[in-house]
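**Student:** Protein chains in written order, with my numbering: chain E, 1 to 114; chain G, 1 to 143.
Simulated from the structure, these hints should not be mistaken for laboratory data.
Wrong hints could be hidden among the right ones.
Unchecked claim - With a Cα cut of at most 20 Å, we get these calculated DMTMM-like pairs of lysine to aspartate or glutamate:
| id | chain 1 | residue 1 | chain 2 | residue 2 |
| --- | --- | --- | --- | --- |
| 1 | G | Lys134 | E | Asp66 |
| 2 | E | Lys92 | E | Glu28 |
| 3 | G | Lys134 | G | Asp44 |
| 4 | G | Lys39 | E | Glu91 |
Claimed, not checked - Per the computed footprint, the stretches of chain G lying under chain E, defined by three or more beta-carbons under 8 Å from a beta-carbon of chain E, are:
| id | segment |
| --- | --- |
| 5 | 22–28 |
| 6 | 46–53 |
| 7 | 71–80 |
| 8 | 85–92 |
| 9 | 95–103 |
| 10 | 122–132 |
Bear in mind that the values here come from a model prediction, so they are computed numbers and not experimental data.
Just so it is clear, CB atoms sit at the ideal spot from N, CA and C, and this is done for glycine as well.
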Amino acid sequence: MSFLAFFFIVASLLSFVVAQLILKRAMEVSATSGLRNSRFVSLVAIGVALMTVSFFLTLGLLQRFDLSYLYPFQGLSVIFITITAAAVLKEKLSVRLTIGALLISAGIVLVSLS
Amino acid sequence: MTDDTRNKKTQDRPSGFGNPWLQLGLSVVCVLVSEFLLKRGATDVAEPQSAFSWTGINGLASPLVWWAILLIVASFVSWLYVLRYIPLTVAFPLSRVVDILVPLGCWIFLGESISALRWCGIALVIIGLALVAKPVAEIEERL
């Protein structure tokens, strides 16, 4: 894998993970203070912008690599999002959830390796 | 967020079409179909030689990509709705069920074969999904 490919895979993964965290935060804001407030709108706008970046980077990667090659990296997103949601959003992370997330990631990697 | 507020939120959740678990399912189906459309569309218009194509924007030349975008927008709306009711640590791992539905779809509908290693991977994902989904089922039962 070239450095360029690695860079774009990490960039698309990172923008995706951050977008999910921001969107979850936006929906928490909406639950307490409704949809018509500037905080909610700006959070959703940032989230959508990051999702868009991630989408186009993925589209660029799909032109060069097989879907099965790009899959393991999607598997990593499960681990990243579970950890960051617990750390940043203070969601409760049980041992069971952690093991579940690890198994899902390992399974996705196996599926794409075969 | 404390346990109390989270349980209260679960209690408040709507039923029927507004059920967040149904919406999570809809979101997954839309993503599943869009993955196939994107791969086909991206391959149709691929220009690996051009540096600009790293941005993926040339992919917009394919009509399949536009159909995929439509589905992604639909899945996005459902997903936002899901996030309102379900913690990200639960909803996101569950949404990755799509990663085994893609190979299973290829097996069932396209007659592609699945190797032993791939079956192992699919089994791991299912066990992981069960582990993540179990505590949720318990919360629902208590209510």
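**Student:** What are the numbers of the hints that this structure violates, sorted from low to high?
**Tutor:** 1, 3, 4, 5
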